[in-house]
Amino acid sequence: MYEFEFKPFEEMTPEDYATVGFKSGLEVHQQLLTESKLFCRCPAGRYSNTFHAEILRHMRPTLSELGEYDGTALMEFKTQKEIIYRVNKETVCTYEMDDTPPFMMDDEALDIALEISMLSNLSLVDEVHIARKQYLDGSIPTGFQRTAICGVHGRVPYGDRTIGMIQLGIEEDSCREISDVGHRRTYNTDRLGMPLIELVTEPDMKTPQEVAEVAQILRKMMRSTGRVRRGIGATRADTNASVTGGTRIEIKGVPKIGMMPLLTYNEAQRQWNLLRLREELKRRGITESSFTYTDKDITRILRKTRFTPIADAMKEGHVVGAVKLPGWADLLRWQTQDNTVFSREIADRVRVIACLTVLPNIIHSDSMSETLSGAEWKEAKNALDCTADDTIVIVWGSEQDVETAKKEIAIRAKEATIGIPSETRQALRDGTTGFERILPGPQRMYPDTDLPPIRVTPERLERIRARMPVQFWERQKRYRELGVPEDAIEGLSISPLAPLFDEAVDTMGFTPTEAAVMLWRYPRRLRRKGWHYDDFRTDDIRGILMAVKDGRLTLDGVLNTMRRALKNGFDADALPPRLEKKDLTSFIEKAKQQVRYSSLHSEDNIPNLTLDRVMDEVRGRIPGSDVAEEVAAYFAKEVQA
Amino acid sequence: MSDSETYKGYKDPALSTMKKFGIRVWSDAVLTTDDDSFEGIVLPRSETADGDHIVIKMITGYNVGLRVDRIRDAKEVGFKEAHYKIPEKEFPYDPKKSRVVLLGTGGTIASRLDYRTGAVIPAFTPGELYGSVPELADLCNLETEKLFGVFSENMGPEQYITLAKRIGDEIEKGVRGIVVGHGTDTMHHTAAALSFMVQNSPVPIVMVGSQRSSDRPSSDAALNLIHSVKTAADCDIAEVMVCMFGPTSDEYGLLHRGTRVRKMHSSYRSTFRTLSDIPLAMVDRNKFSYLRDDVHRRRNDRDVNVNAVFDDRVGILYYYPNMKADMMDMMVENGYKGIVIAGTGLGHVNKPLYPALKRAQDAGVAVYMTVQTLWGYAQMYVYETGREMMDLGVIPLQNMLPEVAYIKLGWALGQTDDLDRVKEIMLEPVNGEITTREPYNGYLVFQGGIPEVDEFVSEIRR
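Residue numbers (the numbering used here), protein chains in the order written: chain U, 842 to 1482; chain R, 92 to 553.
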């Protein structure tokens, strides 16, 4: 059944994806726009690379409430990492460093999470139970993430069908990794503890393109609340993919939605090709039960090698180990992803689990060039009694790490006879994925004993329901019907200012175009000048619109007034008084004088330049058309005179 | 199964709903509400929680609570009872290693979760400990005995006495070292009690606990346990000591003298500090770094003096401005035999208390003065007020910590009612509870925010 061969990304058709049984789902992580972090009172959203202290910790696996150790947990413990946390006193308190129990969950954050749960048509829970999800990589100093489910079983429309939502969780964000070298991993803690939601979809996407489209819908839906953070790292998505006979594999840390299609394509290809590899192994008589390997210390043989990575290891007093995979000749060169072969699967495991982080960390006899000399390969192979049918993998490092590495090489090779190992993978820049960690199971979840459950009252839900935004796709439909300029429709529909649009059109009496200009085009221009959406205070903007409606400000004065309001806030009473046409004469005369003193190419420009100057003075206080008329009349009179 | 087990923790109306639909704790159940259905394992409920919700653990591992008035139907589709079990492996015996005994009093040094109450159940047998901290087998042959299962705050004279006697027995049997697992809140009270009750020990008596329960990956429990067992097995200091984290980082533990140590932060790992003096040693996985020479050394004999007595009619009066005399009168009238005052500054209380001091003196109550500043000496002769109080029979205890003075006074009154003899006992230091001099580095509470302090903190791992 694995005859189909993957085509290049651009040539794959929906039918091809149907053939391999492509399925993909999403986990969208979105930071919430709150004042404080989720479980302490540190300010949210402040990032800095400066740090004032370092703290060192280790992580040990613990038992779940059902009394089992989790797979990931054991893997991380094998790696024996020293974890260093960099602490900035402005952004982190003793809670994040696990020296103080949590404070009660931030109410604002839970409100937003419930709001987005409702937007996703989830069934809400009545009592929010905070769980601990173990993370032994050190990305959270406690060793677990506090997380809770707000709702389950939702649906979001997509084209003419709907995409299932498994659940929405509220959780604290983790640290940012600074480096991971050898047995030491360093984290910046500024992001730690930020309120975050995780919206998980069913694997309902049938092609890689659909994955990106659905991700866009979810991102926009969250943004339409106006209560989520924007900017780098504020929205992050993981995606998962599988093919028929494969395993659901999570790809973590996808930096851009635009990369999802290639990543999921490559993951599907990897799984498909690994399944084909299993068929090939079976053909060669290598199965889970017949799999064997041998390993040996070959330090002595390579003591004088000129292959730099091993020569350097020798200087450090390190050792070299070799693993023979009988019957595997050429299979380490088996293609898995674009420009990637099976040996990468092994090298990744050795890097993560044995902490041999300097690459290359293995070499193998299926690809002998530019490594050891022919004589060295021969001697190494002889040492393990290799025939032409076998492959050997060579690894170097400290004795303990090489011991771990040899075992891990055999483990990964054996897994190829079984299928696709459950693991999480990281998104790489070239659109391929690399091993990150063994997939954690539900065993890593256990209740947080530090915090009581939170009752979600019907009153609370009513309050949130009352403020919920109209779905952005509904808004877009309405904008189109109203004739809002096409370029404004998309952006306005997910803008935090969108609720003001309805107010402007329905109650203040602006035309849809006027409202779109004031609430989309002007803010966009200001954002391009460096202002952030969070800087726009809805009350100020509403005040400006009211001033226009009341005739205290003209439409062409709105942009300047908004700019000032961003800096200093808006006070309608501080607006300068309106001007009448008759008030303009003194402005025109003053402007004309100034224009005359400047160097001019042509006298003909004087009326226009004067008009510009007058506008600068009176913008917002009288319609520009009136000013233009008056200036024209003035110069016409002058000519007559 | 009894009803209380079948419906563990549930009260009405949730309880009747469960009975009505035939579901119970550990049912794999489908609960149907008006608009949806939820599948998961019904979990026991915390005793303190309301009766309005049923909690299930979903397949994803998350727990959620559903309000019973929304539940229209419920069905048991399976049953999966969870058994808490720490992987128990036999603790390996190595004839070349020495015997260390770990006595348990409760607390959370190694534990598992009881998620009915949210409580943490201690893991305790050598096998359980080996299952969670296998490094211990490299250090000694470990034996364990659970003496009590009480939280730190429930430890008291009865437990001090049992513990002291038990330690004495083990020493006479020739143990290499003793570890006492203890909750951290009152660990320093017990450390003081053992310092007085078990004297002249030839081996280390090491108290240990954890500030982060061992059910979490970042727990300090495993490392504290390793440090304390290593101390019991190999350390050259034969005293009652507290062994807990030095910095908040996983770097080293400190060995504090049992009479000078105090818990100083409600939640930090590095909460224990030696006050008005320096600790005895640092300990990490590989070595001890001794910080001073004036310690009791390990010996090969088994000559230990156990004097396990306690009169619990003693108390601490924490003085505050405007305290009324009746506060002290109440203690005297209620038959207290000894009162330790934690006074202000060098050891003061206000004048309105003087008549009460007089009444206490007349009633034959032993009144001692310590300082609530914790660091420094009670020097009552410096000011007039102090001298007046001494005339009223108040005896300053120099730099004895208030909690230590409380324990020692109970221990002294347990031995005799003769107040002169009590005074002799109180003022004759057993092991450092009064020191003659405070070294310049005995008081180092750095003030954060000062540039040079912040610079220092940025360069070392706290």
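Honestly, I wouldn't trust all of these hints.
To be verified - With a straight-line cut-off of 25 Å between C-alpha atoms, the simulated SDA-like cross-links for lysine to any residue are:
id, chain 1, residue 1, chain 2, residue 2
1, U, 922, R, 228
2, U, 1248, U, 1292
3, U, 974, R, 137
4, U, 1137, U, 1215
5, U, 930, R, 228
The set of hints was computed from the structure by calculation and includes no laboratory data.
What are the numbers of the hints that this structure violates, sorted from low to high?
2, 5
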